[in-house]
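2 protein chains.
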Amino acid sequence: MTNDPRLTPLAASLPATVPFVGPETQERATGTPFTARLGANENGFGPSPKVFDAIAAAANDAWKYPDPENHDLCTALAAHLDITPDNVMIDAGIDTLLGVLTRLLIGPGDHVVTSAGAYPTFNYHVAGFGGTLHAVPYRDDREDPAALIAMANEVSAKLIYFANPDNPMGTHHDAATVTGMITSVPDGCLLILDEAYLETAPKGTAPPIDVTDSRVIRMRTFSKAYGLAGARIGYAIGHADVTQAFNKVRNHFGMSRLSQAAGRAALADQTYLHDVTEKIAQSRDRISQIAKDHGLLPLPSATNFVTIDCRQDGVFAKAVLDGLIARGIFVRMPGVAPLNRCIRISCGPDPQIDAFAAALPGALADAQETHRR
Amino acid sequence: MTNDPRLTPLAASLPATVPFVGPETQERATGTPFTARLGANENGFGPSPKVFDAIAAAANDAWKYPDPENHDLCTALAAHLDITPDNVMIDAGIDTLLGVLTRLLIGPGDHVVTSAGAYPTFNYHVAGFGGTLHAVPYRDDREDPAALIAMANEVSAKLIYFANPDNPMGTHHDAATVTGMITSVPDGCLLILDEAYLETAPKGTAPPIDVTDSRVIRMRTFSKAYGLAGARIGYAIGHADVTQAFNKVRNHFGMSRLSQAAGRAALADQTYLHDVTEKIAQSRDRISQIAKDHGLLPLPSATNFVTIDCRQDGVFAKAVLDGLIARGIFVRMPGVAPLNRCIRISCGPDPQIDAFAAALPGALADAQETHRR
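These protein sequence lines map, in sequence, to chains W and H. Letter by letter, the first sequence follows residues 1 to 373 in my numbering. Letter by letter, the second sequence follows residues 1001 to 1373 in my numbering.
Just chain W, with the same shape it has in the complex (with noise of 0.2 Å):
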């Protein structure tokens, strides 16, 4: 249809891409499972046990449109959050709410500003919308704040995208940077603040919400910590004037009725949620330990994975990457360089880690065997 003349000019330029493709399609092509499922940063832990009770308690309410307000699990949040549930705005996902965001905002002609290597799903947003995405590098393997304020000014950007902790490279700003990246906000410009991997970071990283602060909107999940990823829970936290602006375009039904359940119960459940980032954090440690028993280098992560920098360049990664997956471990790696010296393991029980323990020494010694060629 890319020649179909029905289409709209800018969908006419789009390509037909996944910006991931999933671990489910390399298991048929090849016909086989991954032994350890570690590439998509998704807690192996799991949820919180009340959740299956409420999943299932849901299902016989199945035959029901959902809530289109999403009142139950809007008003926990704002509870939790202490802020009102007009601040609260939840869809299917970060992914989905950031594809509204774009909507409300950009169109041909407006400019966004992002990192260099970061998530890919919102750039896709961007380009979907036809805005013009600047990119500016990572400073130490961190996002750069100064910077993307700068390129924000110099571009006179509607958005900058900025994660914190981050994803790839699992590395984090203190509290006090981000409180002085939002007072920096020029003019004109909404900050997006994801916040993705927030429940595994050091406290003292997320700046105190201000929902009277127009200048910034967060993003949290239910993906990570709280072990859903598959339910597909998101909620952006902000201005009652930008979260209910989402109310002018998005799909007011695109939340299933079992997912609502699913993250009042996981919500319901923070003991669950300590006990995990805890497992998180020993997992952590374990992965970090393995990679330096290889001479690899683990960066210093705040969420539920590890970055590892395997000390060459972007070929010898991909190499290493590639021996993973050859041996049943789904991985992934950063995508530009200089990040894509590194691979990223994401966290989870022992037996996902012992098999990647497992298969790094043959994929290290298959990197480094093609690499002298």
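One thing to keep in mind: the hints can contain errors.
Cross-link-like lysine to aspartate or glutamate pairs, in silico, EDC-like; alpha carbons within 16 Å at most [stated by the list, open to error]: (1) H:1292 to H:1278; (2) W:50 to H:1350; (3) W:50 to W:275; (4) W:318 to W:369; (5) H:1279 to H:1213; (6) H:1050 to W:61.
Here chain H is said to cover these stretches of chain W; the calculated rule only asks that three of the stretch's residues, wherever they fall, bring their Cβ under 8 Å from a Cβ of chain H [claimed, not checked]: (7) 44 to 50; (8) 54 to 60; (9) 141 to 153; (10) 168 to 182; (11) 188 to 201; (12) 212 to 220; (13) 270 to 281.
To give a feel for the contact side, a few chain W residues facing chain H, derived at Cβ under 8 Å [what the hints assert, rightly or not]: (14) 18; (15) 68; (16) 326.
Bear in mind the hints are in silico, worked out from the structure with no lab data behind them. This structure is a prediction, so every number in the text was calculated from the model and none was measured. Built from N, CA and C at the ideal position, the CB exists for glycine as well.
For this one, chain W is given, so just place chain H on it according to the hints.
Below, chain H without anything else, positioned relative to chain W:
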């Protein structure tokens, strides 16, 4: 944010609306749950019991992102329909599919044709992408294929929306009429054939699927006969050039993993589907008889609801509707004259229909009283 200078001009012009107010919103406002839920054409008989097992099994994998290709459900649908997976595009309900399709084809200056009183969410998407909507009247309480085609020619439309069977009237055209309509679609135009209610329609309602014809895209759902409105599962059927164009802009991880599994289980149990459509037919007859018993005129229905002509004007029908709602019966009605002389009652289990039957005399008496004043 309506006056926020950061919004695109189009977004700034749009109201922050909900196309349909959910029954939960009404329940929260009154503080009283509805005793019968017959307003959204949900299937109160529920999905196949096998769906519950499938959901429970999928819940164990809820920590994993869903397959962005929806491969297993897509393949199952393709096999069921005797087409290839490339001819199927799955997303979170027909609402989502309509939004993506509108985005692909429609921008400011583009023209779209529908029927006056047809699906409001489609109109919402057209407005949301800046299209100009042209509505032709129903003829004898059915959508008017010839008038839709004539209008499409007149305004050089890029999209026509046509539902068969139709909502909100429940009427239908036969396959030959639909085929004639497809062959009359003007160059440069695409016909959306919404078949959400097909499973409850008489044999001979749907023309054969011809995926070589890029003039039509058909949309179907698990929300109606399959009893899974809460899981948000819709699919489009068409020429691969059309269905695969969705990959340009769709939210690839928009489908919940639980919903993917629920859809597969529902599709696999065609015996249950057959049985439930029998129950729906019986419920349809019962609702029609109740209407006749009170001097009202039920329209012939090919859907899982019965539209009842209250034999007076829209003010009177609205009074009947209000009387039913005040008595705890959630129902809806068409929004545009002359269709709005009717109320619309979804099929459901006997206790729900009993509650409707018990409430109707009082609602009618109140409406007649109000009308006399």
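Hints and how they fare:
no.	hint	verdict
1	H:1292 to H:1278	violated, 21 Å
2	W:50 to H:1350	violated, 33 Å
3	W:50 to W:275	holds, 14 Å
4	W:318 to W:369	holds, 13 Å
5	H:1279 to H:1213	violated, 35 Å
6	H:1050 to W:61	holds, 15 Å
7	44 to 50	holds (count 4)
8	54 to 60	holds (count 5)
9	141 to 153	violated (count 0)
10	168 to 182	violated (count 0)
11	188 to 201	holds (count 3)
12	212 to 220	violated (count 1)
13	270 to 281	violated (count 0)
14	18	holds, 5 Å
15	68	holds, 5 Å
16	326	violated, 21 Å
Violated hints, in rising order: 1, 2, 5, 9, 10, 12, 13, 16; the structure is consistent with all others.
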